[in-house]
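Going line by line, the protein sequences match chains A and B. Under this note's numbering, the very last position in the first sequence is 330; numbers go up by exactly one each time. Under this note's numbering, the very last position in the second sequence is 1095; numbers go up by exactly one each time.
These aren't lab readings, by the way, just hints derived from the structure by calculation. Ideal placement from N, C-alpha and C gives every residue a C-beta, glycine not left out.
Each computed DSSO-like pair below joins lysine-lysine, with the alpha-carbon atoms no more than 30 Å apart:
id, chain 1, residue 1, chain 2, residue 2
1, A, Lys121, A, Lys242
2, B, Lys1022, A, Lys230
3, B, Lys1068, A, Lys230
4, B, Lys1022, A, Lys171
5, A, Lys21, B, Lys1068
6, A, Lys47, B, Lys1068
7, B, Lys1068, B, Lys1078
8, A, Lys228, B, Lys1068
Here are some of the chain A residues that sit facing chain B, going by a computed Cβ distance under 8 Å:
id, residue
9, Asn38
10, Glu109
11, Arg320
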Amino acid sequence: MYTQALNTAETDDRGLEDAGKAAQFQARIDAEERIEPNDWMPAAYRKTLTRQISQHAHSEIVGMLPEGNWITRAPTLRRKAALLAKVQDECGHGLYLYAAAETLGSSREELVDAMLAGKAKYSSIFNYPTLTWADIGTIGWLVDGAAIMNQIPLCRCSYGPYARAMIRVCKEESFHQRQGYEIMVTLCRGSDEQKAMAQDALNRWWWPVLMMFGPPDATSQHSDTSTKWKIKRFSNDELRQKFVDATVPQAQYLGLTIPDPGMTQDADGHWRYSEIDWSEFKQVLAGNGPCNRDRMAARRKAHEEGAWVREAAAAYAAKRAQRQSAQAAE
Amino acid sequence: MATPNTPLWEVFIRSRNGLAHKHVGSLHASDATMALQAARDIYTRRGEGLSIWVVPSSAITASDPAEKGMMFEPAESKIYRHPTFYEVPEEVGHM
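Whole structure, please, built from the sequences with the hints as guidance.
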């Protein structure tokens, strides 16, 4: 049930964090039970999930911008229809996730306003530009590939509404990765210029995509409690390694070179990548990536320009409700 | 300025003829017509449904999870309500 209205009816004892209740809660998590919106939960669990799910939702919405940039310039009608459907999916994913976040007690409007005010983050990957058509292929192949790697374990997350939203998202996401890879295959089988364009896109996206999995385990601030609460099932570095191992053979098939001359395969078959430049990640996170200002400006513009639609819809609904109650009174 | 809140709706979809409407999620819309259109766009992009219901979330009365013991225990202790409680001689065959 997704009704956040029910949450507010709960008593106020959450703030006191009754030790007995907290232990009972952890026992439920350990027994792999799902936590539902009206169940008791520690305030920190609620806060962590509200932050994570709303950031995930913002990422889906902002993620529409770099790809939307290419809808009108897609090379064929087939590619255009696919890209349009993919961008629509991203919007849908954002909406499922907002609905899941709202069950924790914040309103949609509060969540969106926090993002527009710059108080809530979205995934840094969307602060990079899409310069050529090959970027659209690379985003589907690598960005969506990395997102799937992150999202599959979230289908078993302890919070019911988030897990259910993720199941739906993952089902739809696999088309995204396949359509991206298909674009790359086509470019790599094409002219020398097309293949060079594919290589250039891979060169620019590779390192930012590895950063999508978050800081190394040794420095991640949210991991410990998230693991205890079974929000997180694998560490950042575990997921990153899984992604690299899955991706290297795909790049080899394309005949593209991963822009990491230090990369080696160890005895167990794992591809070991070089040190990641975390100063770049911090810079982008701090708002200094190539497109941070553009993305925020585009979101604010869309929100402001849609204000009259929201107002008109609300006024129309109010007028209809008033008329109905007047008729009922007659 | 904070954006004014838009009402919340619960969405139910019947996937194929003969199956019941099933809860699939929720959405915000200012009225029922817009809720129905938004439900079509958000929850049936891949032909998931033949019929949609939208219900104002505020119209739902839910059981209290804290009282689920009291609410559902009476059914749990009545195992004689299940067919496997009864023994039928093997010679009789499937029943």
